[in-house]
Amino acid sequence: MVSRRFKNYLYSWFYVLPTVILIITIFIVPIFYNVWLSFHEKLIGRQPVFAWFRNYERLICSPVLYASLINTFIYAFTSVFIKAIIGLSVALLLNRRFRGRGFLRGISILPWAFPSFVCAVLFWFNYAGKGTFNQILMALGLRPIHWLGYDTAMFSVILLNIWHGWPFFFMGILAGLQAIPIELYEAAEVDGAKSYHKFIHITLPMVKPVIFTVVLLSLMWTMGEFTQIYMTTGGGPVDRTLTVPMAAYKIAFMTEINLPLAAAYTIVVLPIYLVLIYFTLKQMGE
Amino acid sequence: MRKIVVSLFILLVTVAVLNIYPVVYAEKPKLVIWGRATFTPPQMYWVESKVRRWAQEHDVEVEITWLAVADIGRKLIAAVEAGSPPDIVINGHPVAIFAEQGLLLPLDDVVKKLNESDIYELKRKICTFNGHYYCIPNMYEVTWLHVRWDIVQKAGIEDMFPPKTLDEIYEIAKKLNQVEPGVYGIGLPLGLNGYDAWWTFEHFWAGFGGGMLSERSVDGVLVGKEPYRSGLKRALEFFRKIWSEELTPPDSPEWVDASNNINYIQGTIAMTINPLSIYYALMTQKPDLAAKTKLFVLPVAVDCGDESTFIFKATKYPELAKDLVYYLFEDKEDYRKGFIESSYLYGLPIFRSQMKVISEQWKKGKWPGIMEDPMKVVEKVKIHETAAFPLGERTTPSESFREGFIWNEMIQRVVIRGEDPDKVIDEFHQRFVEEVKRVYGG
Chain C
1 MVSRRFKNYL YSWFYVLPTV ILIITIFIVP IFYNVWLSFH EKLIGRQPVF AWFRNYERLI
61 CSPVLYASLI NTFIYAFTSV FIKAIIGLSV ALLLNRRFRG RGFLRGISIL PWAFPSFVCA
121 VLFWFNYAGK GTFNQILMAL GLRPIHWLGY DTAMFSVILL NIWHGWPFFF MGILAGLQAI
181 PIELYEAAEV DGAKSYHKFI HITLPMVKPV IFTVVLLSLM WTMGEFTQIY MTTGGGPVDR
241 TLTVPMAAYK IAFMTEINLP LAAAYTIVVL PIYLVLIYFT LKQMGE
Chain A
1 MRKIVVSLFI LLVTVAVLNI YPVVYAEKPK LVIWGRATFT PPQMYWVESK VRRWAQEHDV
61 EVEITWLAVA DIGRKLIAAV EAGSPPDIVI NGHPVAIFAE QGLLLPLDDV VKKLNESDIY
121 ELKRKICTFN GHYYCIPNMY EVTWLHVRWD IVQKAGIEDM FPPKTLDEIY EIAKKLNQVE
181 PGVYGIGLPL GLNGYDAWWT FEHFWAGFGG GMLSERSVDG VLVGKEPYRS GLKRALEFFR
241 KIWSEELTPP DSPEWVDASN NINYIQGTIA MTINPLSIYY ALMTQKPDLA AKTKLFVLPV
301 AVDCGDESTF IFKATKYPEL AKDLVYYLFE DKEDYRKGFI ESSYLYGLPI FRSQMKVISE
361 QWKKGKWPGI MEDPMKVVEK VKIHETAAFP LGERTTPSES FREGFIWNEM IQRVVIRGED
421 PDKVIDEFHQ RFVEEVKRVY GG
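Note that the protein sequences, when read in sequence, are chains C and A. Residue numbering for the first sequence follows my numbering, beginning at 1 and increasing consecutively. Residue numbering for the second sequence follows my numbering, beginning at 1 and increasing consecutively.
Watch out, some of these pointers could steer you wrong.
[What the hints assert, rightly or not] Derived SDA-like pairs (lysine to any residue); straight-line CA-CA distance at most 20 Å:
no.: 1; chain 1: C; residue 1: K42; chain 2: A; residue 2: R431
no.: 2; chain 1: A; residue 1: K437; chain 2: C; residue 2: G102
no.: 3; chain 1: C; residue 1: K42; chain 2: A; residue 2: G441
no.: 4; chain 1: C; residue 1: K42; chain 2: A; residue 2: V80
Quick caveat, the hints were computed from the structure, so don't treat them as lab data. Here the structure is a predicted model, which means the values were calculated and not measured.
Make a model of the complete structure from these sequences and hints.
In C-alpha cells:
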C-alpha cells in the first residue's frame, strides 16, 4: 500500500517535472542571476567585478529612484482609482435590462481588446497638435492643449491607461454583480429598502472581493506598464513620466548603460511588487 | 523482447542520421549581419544587394537584420552582454564602447587596401583607437540649414542668408516666425529620446566655445571648466530663448529623430537644421516644396555620420567578414552611385576621389537647392557627432552619454523646466567625470 502511494507520488512529480524545470530555468535562475549581478560592477563585454553594496549605495543616493517611485505611485494609483470608478459605474449600468445592452457590453470591451502598443499609437493621433482632442477643444471654442508637455504629460499617460484598462474592471465587476442572488434584493424591497440602501448593504459587500481582486491585479499591471509610456513620452519630458519600468530600462540601456545597476534597481523596488503579489494571491485564494 | 528490438532499432537509426547529416549537408559558413536602418531606403537596398551578391559568389549564408535608429545601440549592447553579438555591423553604432573594450577586430589591412589617404582624415580619426582602425565609416552626414525660401522672401530677409554667426540663427528665426500663420520660425528638436536634440545642440555648444573632453582622463573633462563652461551656458541660454519665445513648435520637447523632418515636410516650420534626409524626402515625395527649399551650411556644421561598419572579434569567420567589408567599399564608383547619390547626398562620400565627382556634379547644377559646394562643406566640418570635442575622437563616455540621451536631459532641464544652468552644468560635469573615471580610471 505504502509503495503504491509512493509510486503515485512519484508519478505526480514526474508529470509536473517539465513545468518545474521550465519555471526554474526561465524564472528562478534569472532571479538569482539578477541578485548576483546587482553586487557587481561591469563594463560592456567585460567580466563582472564584485562591488559589495556599491550599486545599492548609488541607487539610494540617486534622485532617479525616488522620482521613479513617486511617478509610479501617482500613475498607478490615480489610474487604478479612476478605472475602478468607471468600471463599477458602467457595470452597474449595463447590469440592468434594456434594449441594446448586449451591444453596449460588447463595445465596452473593445479598448481592453486592443494591445497596449495599438492604444499608444491611437493616442499619438489624439495628442498631436492638430489631433482629435485639440480639434474637439477648438470646436468648443477652447485653446488647444500641449498634451505631452512638461505639465500635462503625466495626466495624458494616465488618461491613455484609463482608456485602455477600465473595461477589465467592468468585466470583473459585472461578473460579480451577476453572481449576486436576486432574492437578496427582493427581500430588501419587502423590507422597504431604497436603491441607495440596496447598493450600500447588498451590492457593495457582495462585489467587494471581486473589486479588491481586480484592483490588486490592475495595480500590479499598471505599475509594470512599459509600452504605453515608452511609446508616448519615453519617460519625459525630463523625468516627468519616468516610472519604475522605464527607469529600469533606461539605467540598463540608456542613461547608464549599466546592467548591474539596473539589476540592483529591480531588487530595490521588488518588495513593492511582492507585497501586491502576496495580497492578490491571498485574495484570489479566498 | 519486441519492445527492446524496436527501441534499439530507433536508437540505431537516430545515431546513423546524426552521423550522416553533417557529411551530407556540410555546414556553410554563416555571417550574422546587423544594420542600422537609414532615413533613405536606397542605401539599405544597395547594402542588401551588395551583401547578397558577395554571399552568392563566396557560397556563404548571410542573415541581415535592419534595426531602427534608436534601437541599434541598445540591441548591440544587450547582444554583447548576452555573449551573442552579430559578426558584422553595417552602418551601425556605437563603436568606441566596443572598440575600447577590445571587442572589435582591427581593420588596418582593409583600410590600407582601400587607399588610406583617399579617406578623409576626420573619418579615419573616428575609427582609430590606440593607433589601429576598428571600423570603416559609412559616409559623411553633414548638417544643413533647410530654409523655406518662399517664407524668407515674404519676410524680405534674403540678405540674411547664409547666416554668418550662430546668433543670427535666432534673429532669422524671430523674423520668420508666424510670417505665415501657424508656421514657426525654426524647428528646434528638444526631445528627450532623440539624437537630433543632441547634435543640434552640439553646433551651439561647440560653436560658442564649449568643450567636452580633451584627453581620456578625469583631468581632460572640460564640460564645467572655464572658459568652456561659458560656451555651454551660452548654448543652453540660446536654446531657452528660442523655446520661451515660442519660435519652435510647442511639441518640440517630444520630438524624436524624424520629427523635424516631418514638421518641415508638413510645412509647420520655416527652417530646421538636419542632414539631407529631409532633402531626400522632398525630392522623392514633395518636389513642389523642394523647389521652395534652399540649403545653407551653418557657421559651425556637424558631421552626424557616425554610422560605421565593424566586425566583432567573436566572429567565427574573421577573414570572410573582412572580405565582405572590403567588398562593400572596394568599387568606389558603385559606392558613390548606390550609397551616396541615391540618397540625394544625405550621405557624402568618405573618399576624396568620389567627393571630387560630387563637386563636379554640383558645379554642373545636378543638386539644385544646395547652396554650397559639398566638397568645400566637408572640408570645413570639424565636429563629429559622437566624438568628444575638441579631442576629435570617439570615446566610450562621449558615446554612452549620446546613446543614453544624457545630454538631452541636461538640455530639457534648463530649457523646458527652467532650472538654473549653472547648477545643471555642475551636475552634468560631475556625471561626466564619473563616467570618465568608470571607463578610464583615475
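Taking the hints in turn, this is what the structure says about them:
1. C/K42 with A/R431: 18 Å, holds
2. A/K437 with C/G102: 65 Å, violated
3. C/K42 with A/G441: Holds. C/K42 to A/G441 sits at ~13 Å (cutoff 20 Å).
4. C/K42 with A/V80: 12 Å, holds
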